[in-house]
Structure formats: C-alpha cells, structure tokens
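Q: As a plain string of letters, each chain reads:
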Amino acid sequence: MTPLPKSQIEPEIVPFKAPNPSVPGASCPLEIHDLTVAYHQKPVLWGIDLQVPPGRLVGIIGPNGAGKSTLIKAVMGLLPLSSGWVKIFGQPYQKQLRRVGYVPQRESVDWDFPVNVMDVVLMGRFGHLGLFRRPSKADREIARECLEKVRMLPYANRQIANLSGGQQQRVFLARALAQESDLYLMDEPFAGVDAATEAAIVEIMHELKERGKTLLVVHHDLPTARNYFDMLLLLNMRLVAFGPTEEVFEYELLQKTYGGRLTILSEVADAVRQKTS
Amino acid sequence: MNELIPAFSFRQVFIEPWSETGGDYLWVVLMGFFVTAACGMTGVYLILRRMALVGDAISHSVLPGLAVAFLAGSLIAGGDASTGHLAETGIAGGHYDFRNPTLMFIGALVAGVLTTLLIELIHKKSRVKQDAAIGITFSSLFAIGVILVSLFAGKVDLDADCVLYGEIGFVAFQPFATIAGHELTPWPVLRMGVVFLLTAGLIGVFYKELLVSSFDAGLASSLGINPTWVHYSLMCWLSVVVVSAFEAVGAILVIAMLILPGATAALLTHRLPVVFILVLIHSAISSLAGLHLALWLECPTAGAMVVVGAMQFCLAWMFSPEQGLLTRGRRSRVEGDLVDRHKAEAAAG
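These protein sequence lines are chains A and B, in that order. For the first sequence, this note's numbering assigns the number 87 to the initial residue and increments by one for each residue that follows. For the second sequence, this note's numbering assigns the number 516 to the initial residue and increments by one for each residue that follows.
Simulated from the structure, these hints should not be mistaken for laboratory data. Here the structure is a predicted model, which means the values were calculated and not measured. From the three backbone atoms N, C-alpha and C, an ideal C-beta is built for every residue, glycine too. Each hint should be verified, as a subset may be incorrect.
[What the hints assert, rightly or not] Listed below are the simulated SDA-like cross-link pairs for lysine to any residue, each with C-alpha atoms no more than 25 Å apart in a straight line:
#1 K640/B - L164/A
#2 K644/B - L165/A
#3 K181/A - N741/B
#4 K295/A - G733/B
#5 K644/B - F529/B
#6 K159/A - M323/A
#7 K644/B - D198/A
#8 K644/B - V195/A
#9 K639/B - S194/A
[Stated by the list, open to error] What follows is a list of derived Cβ distance ranges for each label pair:
#10 A277/A - A715/B: 38 to 44 Å
#11 L636/B - R184/A: 42 to 48 Å
#12 A224/A - A658/B: 54 to 60 Å
#13 D135/A - N741/B: 40 to 46 Å
[Unchecked claim] Heads up, incomplete: computed chain A residues facing chain B, CB under 10 Å, no partners named:
#14 L136
#15 K159
#16 M162
#17 Q177
#18 Y179
#19 R184
#20 V186
#21 P200
#22 F218
#23 R220
#24 P221
#25 A247
Let the hints inform the model, and build the full structure from the sequences given.
A: Laid out in structure tokens, this is it:
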C-alpha cells in the first residue's frame, strides 16, 4: 500500500498570522496615549489614555457632543491630533490600514450615489487591491459571502437609494466585513434601524468577537448597552471609565458621564434598576 | 415671423453642410464632441461630490491665468506687450500666435489650484460658508482677468467675445497639424481630442480611487486613499479640461458642458459606468444636433450645442424611467420595494 501523500493525511496547516514580535504592543489592538483633539481651539477630547485588549466587544457611550465619533475618527487619523498618539497593533495607523475596518454613520454618505449594493460592498476590498487594480472574481465572491452574512444577498443589484435605513446599515456592515480586518470601528451602527436589523448586527458583532476580532462601537442607547457589550468606555470629553460592563455600568459613573441632565438621569436610573432587579 | 426665425430648409440645414463644403463642419462636430465629452466626464465627479459650483468657479478664474500666460507668451516670443510693439520676427509672419499651449496650461493650472485653495482658505479660516467663499473667489479672480484682458487687448489675441462665447464655429479655419506634409486635423481639435482621451484614460485608471473618495471620504482615508490628494488632482484636471474647452465654448458655456451631460445621465441610470456611456451619447447628440441648429438659426454654434444639451436634460427629466416627471406614477418606489422584498423572501426560502 502506497503511503498517502502527506497533504492527505494531515490537515493543511494554515499559517497563523503571528503578531510581529519585534513590534512592542503588537498584540494590543488599540493603544491610545494622552490623546487630545480640538476643533477651532476648543478641545473635544482631552487626555485620553486607553489600552483595548484583543477579542473584546467594546461599547463607547456618552452624551451628545461627548466626542464619541471624534474618538473613532482620531484613531483612524481622519483628524489632526493636538497631542498624544494612537497605535494599532503596536504601529501607527498608516502601517495597519488593512487591519482596521470602518463603519461610518449612515448619514455621512449620499445614498443617491449611482452605485448598487454590490459596488458598495466591493469598496471594502479596495484596501486589499493595489493602485490600478480592479476587484477580482475572488473579491466578488468575498463580497457575496459578506452580503449573505447580513442577509442582503438578494439585494446585491439594488440601487442603494432604494434601501430602508436598516438595509443601508447592513450594507455598511457587509462592506466592513469585506475588509477582513482585525479591529472594527463602528459609528452608531444601531441608529435608526429596525429591530430585525439590530438583532442581526448584534449577532454579527458577537460572531466577529468569537473569531478574535476587536470591536469598538459607538452607541447611544443606555439600556441596551449593558446587554450588547462586554466592555464599556464611558466618554465625556475625558475618559470617565473603561472596563468590563458589569463593573462600569453603575449609577455613579454614568451620572459622572452624563452630568446633571435630568431626562438622561432618569433613564440611567431605570437602566440601573433593571440591572439590579 | 420669417424675419425673426430663418425659414427651415431641410436641404440647407442638413444636406448642404455635408455635400457642399469640404468637411469643414466635421471638425466643428468633432470639436464639440471632444469638448462636451471631456467636460461632461469630469463633470460627473463634480456632480457626485456636490461641487458643481466649484466647476463654475474654476471656469471663470482660469481667465486671469490665461491672460497672464498670454502676456508671458508674447514676452517670450519677443513682443513687448506693454507697448504693443512687436519684435521684427513676430510681425514677419503676419499673424503671430501667442497661444503657447504649455504656458496656457500652466497658467490655467495655477489659477485653478489657486481658486481651490482660496475657497478652502476662506471657508476654513473664517465664518464665511463654502458657497459664499466660492462666490467671492471666482468673481474676484474673473474681475481681475477682465481687467488684464482689457489692459492687454489688441496686444494679445484674446478678446472678450472669444472669452465669453468661444469660437468653435471657426475651428476649421485654425492652422492644421500636419504629418509628412498631409494636413491632419486643426490644432485645437487635436489638442481637445488628446484631452478627451486623457480624461477617459485617467478616469479608467483611477476609477476606484475616485469612486470611494467621492462616495465616502472617511472610508477612503481609512483605506489609505487620501481624499485631499484626490480632490486637488481632480481640480487640477478640471483646470486643464476647462482651459482646453475655453477657446471653443468660452467661460460661461463651459459650465453647461460640465454639468448637463452628467446631470442628464444621472436621471437615466443608477450605475456609474453607464453614466459615462450616456455622457458620451449626450455629447455626440449635443454637438451634431447643435451644429445643425446653429446652421438653421444662424447663431453661435457653442450656444446651440448647449441648448440641445439642455433639451436632452429636459427630455430625460420628463421621461426618465424611474424619476421622470411624467412617468413617475407608473412604478412608485414603495411598490418596487414591496415587489423586491417578496422576491428576496422567496429567494431566502
């Protein structure tokens, strides 16, 4: 009996993309040190220090104008930093482009743009293509899989203007999935979506986490924040608290985050009561 | 009535231009097509990026750039523009052409980039909003251009009529490019043809960079495509296209050439590649039908071409399959949504 070729006996070993040992902090998806960002000389973020451990689902919460979106944009280098630095897997953002996936706010783009759903998801592949290169068949296949994951494949040829808010958000999520990144930054993915979409997004976020990805999600709904995320980042210009949800989601800290805003405070009280009951 | 509108004669308007003249009108049509197509394709991105007004601005503010370039051209050629005195060599050839294409392009590029920079500077460093900043910048630069042109009028071959309305009708009388003694095409047509091909080529090569930075600048920079770089490159190319189109259609009509084809196409399709094909068709119809309209009405050709372009826009607006004023009722968006949802559910089982 002739021995089977080695490849048939042993499962093919997929080489693990080991973090580069020569880069300190390569295992830390996101490290922020003394980050300050200002618009027109007015600080929006002030002295943020942060180390996000890998494989976590992190919710960023805080009142309007707390700098939640600004934090995400600053991490991606979309805004000039007044001070401090940001490292992605131990390196500056510009060297880790492919490892960061981005879901912008839905309102940030023009949905009348003459592209269909497939075109938008393929944009997620552009980071993997060189200059002058067009998306290949393999890229299209990946885009199709990502659409399937968000259950939008039947809409692949639909003009994006003819989508509901929830469907648009799923398209953005599919595009981020197509980026095949290790760190995902999502800006209000739950804003104005239907319940089914919200559930689908939560499911996908957890699946990504199971696969060892790290997610930072800007979120504005306190009651659900506690259930969705395993870590919370409370932000109000300064970093109020960052830690496991069960430790951080408590009245004192939330009050500190949201200040003396009465309506929000009662919401917080409700949320905390729910937690304790 | 006959006094106002010339009598329409099919023979005179459609047959004789092609049978009686030695193909002079072919150059006019070709020039019209190249101008409209190059402007229209560049204009697609202006429309998508909501920068139609910036196209307006640049088309006006290349004027001072051109004036300075013409002046420099005349100085280099040995003429003394300030007194109008020309060196012997300049007069010897009779009509001397100061239009040094290289200098013109440089002048227009500098003016175009300057306009873009000024608009952003005013908008970012003051409370003036962008639309007001555009208004301030281009009208001021255009005014400077008007002064420069009138100062040097008669000394350089650049007059107000040409600047405002262009002279596409006379393109066949321009000097011809020759290869081995054979007359090929008039120089302006050749130049515009090259600009048209380069426009198409650049859009083809940088399609995905232009697409993603126009649709979602945040994603573009997160992918390592610098939207600012794309913005300025686009503005530079816009300046090149505008200055090339300038002598054919003038500063005012070039705006129509930038916006009309893309706006018409956008009413008819949702796919960007199809938009470009429709822009080409729109341009071909505008230039051919525009020529015949001009022959009938004995009016400036560039104006007639724009009018035909505008008529096409109106037709698209009325009869667009999904957004047409007159066809909208047939299949509403909601209805389409429901149908597609049923299909999707059926497909999902």
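Q: Compare the structure with the hints numbered earlier in the document and write down the numbers of the violated ones, lowest to highest.
A: 5, 11, 13, 14, 17
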